[in-house]
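**Q** So you can see what is in the structure, the chains are spelled out below.
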Amino acid sequence: MSTQPAAPRPSQLLPLDVAVDVLEGLPGGRVILTKVESLLNWGRAASLWPLTFGLACCAIEMMAAFAGRFDLDRIGVIPRATPRQADLMIVAGRCTIKMAPIVRRLWEQMPEPKYVISMGSCATCGGPFYYDNYSILKGIDQVVPVDVYVPGCPPRPEALIEGILKLQEKIKVEPFLRRAAAQA
Amino acid sequence: MLNMGPQHPSTHGVLRLVVTLDGENIVEVQPDIGYLHSSVEKMMEYRTYLQNVALTDRGMDYLSALANEEAFLLAVERLGGIEVPPRARWIRTIMLEFQRIASHLVWLGTWAIDLGATTVFLYCFRERERILDLFEQTTGGRLHHVYFRPGGVYEDLPAGWTDRALAFCAEFPRHLQEYHDLLTGNPIFQVRTQGVGVLPRETAIAMGACGPVARASGVAFDVRKAFPYEAYGELDFEVPVFSQGDCWARYLVRMEEMRQSVRIIEQAIAQLPPGEIRSKVQVTVKLPRGEVYARTESPRGDLGVYLVSNGDDTPYRVKIRAPSFSNLFALTEIMRGWKVADVIAILGSVDIVLSDVDR
Chain V
1 MSTQPAAPRP SQLLPLDVAV DVLEGLPGGR VILTKVESLL NWGRAASLWP
51 LTFGLACCAI EMMAAFAGRF DLDRIGVIPR ATPRQADLMI VAGRCTIKMA
101 PIVRRLWEQM PEPKYVISMG SCATCGGPFY YDNYSILKGI DQVVPVDVYV
151 PGCPPRPEAL IEGILKLQEK IKVEPFLRRA AAQA
Chain S
1001 MLNMGPQHPS THGVLRLVVT LDGENIVEVQ PDIGYLHSSV EKMMEYRTYL
1051 QNVALTDRGM DYLSALANEE AFLLAVERLG GIEVPPRARW IRTIMLEFQR
1101 IASHLVWLGT WAIDLGATTV FLYCFRERER ILDLFEQTTG GRLHHVYFRP
1151 GGVYEDLPAG WTDRALAFCA EFPRHLQEYH DLLTGNPIFQ VRTQGVGVLP
1201 RETAIAMGAC GPVARASGVA FDVRKAFPYE AYGELDFEVP VFSQGDCWAR
1251 YLVRMEEMRQ SVRIIEQAIA QLPPGEIRSK VQVTVKLPRG EVYARTESPR
1301 GDLGVYLVSN GDDTPYRVKI RAPSFSNLFA LTEIMRGWKV ADVIAILGSV
1351 DIVLSDVDR
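Read top to bottom, the protein sequences are chains V and S.
Position 30 of the first sequence, counted from 1, bears residue number 30 in my numbering, the numbering being contiguous throughout.
Position 4 of the second sequence, counted from 1, bears residue number 1004 in my numbering, the numbering being contiguous throughout.
By construction, these hints were calculated from the structure, which means they are not laboratory data.
Certain hints may be false.
Derived lysine-lysine pairs resembling DSS-like cross-links, with alpha carbons at most 30 angstroms apart [claimed, not checked]:
#1 V:98 - S:1319
#2 S:1319 - V:138
#3 V:98 - S:1042
#4 V:172 - V:35
#5 S:1042 - V:138
Residues on chain S that point at chain V, a partial pick, calculated with CB under 8 angstroms [as the list claims (entries may be wrong)]:
#6 1055
#7 1058
#8 1125
#9 1142
#10 1144
#11 1198
Okay, the calculated bits of chain V under chain S, using three or more residues with CB under 8 angstroms as the criterion [what the hints assert, rightly or not]:
#12 47-59
#13 66-79
#14 95-108
#15 130-142
#16 159-167
We treat Cβ as the ideally placed atom computed from N, Cα and C, and that holds for glycine.
Let the sequences and hints guide you as you build the complete structure.
**A** Right under this line is the structure:
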């Protein structure tokens, strides 16, 4: 009778969300193997704290997204009233040229790593105030770097949620530590 | 000196208040506006009247888009002598009152958050979503509708809409009672609002305060009663007036206004006439040379549009008389002598929308 031990399984790197499922499914499972970066990214993606910062109409839809029916809390998005505690800025609404330096300063006050969602067509490109208007900035990306653009005038709360989910996908695959190491 | 805003969780938009302080007491308040100036009056001169309807939604008070459309179209229809069929007038009245409730609910929720009562916000937005659903079924939009057109409305009410609207009206007074239960009997809320930020009647008139702010100071004036437009002349409703002039009175005026709006909607749906919803009007409306001023009662107060036409298909000049603008400057008069913490309560009670202030 052959007593040959079973061949060792090739090492396998599970995606983090699958790994967590496996871990929870195993009785007594306590060990998880993952990359530190993936773990950090997973944690960061699951608790985005945006700055409560509304400019115009889109801010009302953003408020609706925070309220009961759409409930952004369930994907870990909790509004913070100060830029020092926030890592996400949702630029909701049109930004005037007078307001642009203040948006920039708020963005600079946020600690790294930080993300920007441009909500609505005014923040994205000037929207209906695009071609014959003297006071509105034609796109917030002239002032701060934008990660996700959410189209609409104004976008529905579902659209904003989709934008946040897209940003989460982006964060999950981000070479966050490697970039920091390269900069150091 | 204290700079409040332009980014501040309680300024309801991008308003900067330059507050001069003596310790905790306020000596002087100087609002710095223009952070949301969208030059909508200038842009209107280059767009046709139909295109301008879309602009009024966004460029003016964005919390009550239909009220803006109404003010602008009232001016267009009066100057052009455009007839609005009865059914369209009644539909407009119903929509305007729903808009008033939705706008007041946002005000109530955000003001309650400013004063530390977060729950009310969630309750208010729960009911507001139902109104937005009703809007969406009719106009297709939640916030910006472009529903009122020169000579009527865009589409008729869908089947079963009036039943759903009536169902909402039947249960909304119960929800109003919930807000009263949460706030009116709340001792913290009472202390923060009763007797705070008193706007005397004379000051209210002198500063041109309008709408619920003026009515809380004893000015019994409502454009819906004084200069009835659409179907308001044929409806039975009351205008709540209080004489105290403090934040508490402004709160009670708006709460009562919501109840009256429900009454108006119920009456209007009961009397809704059949027939056409839009008179035959060309897409590019050309108005005769002339000028007109139309005033309406928006949720924030006396919203007027002054329109000059030189016979073209675009307006020659549009001037918007914004209620929030005059209410904001009534603020500067009443904030003197109060503490810093009261600034939030007073500012919230006036219910300004910065898009309306700056335009």
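**Q** Work down the list of hints and note, for each, if the structure agrees.
**A** Results of checking the hints against the structure:
no., hint, in the structure
1, V:98 - S:1319, "22 angstroms, holds"
2, S:1319 - V:138, "25 angstroms, holds"
3, V:98 - S:1042, "18 angstroms, holds"
4, V:172 - V:35, "12 angstroms, holds"
5, S:1042 - V:138, "17 angstroms, holds"
6, 1055, "7 angstroms, holds"
7, 1058, "6 angstroms, holds"
8, 1125, "3 angstroms, holds"
9, 1142, "7 angstroms, holds"
10, 1144, "7 angstroms, holds"
11, 1198, "29 angstroms, violated"
12, 47-59, "holds (count 7)"
13, 66-79, "holds (count 3)"
14, 95-108, "holds (count 5)"
15, 130-142, "holds (count 5)"
16, 159-167, "violated (count 0)"
In this structure, the hints that do not hold are numbers 11 and 16, in rising order.
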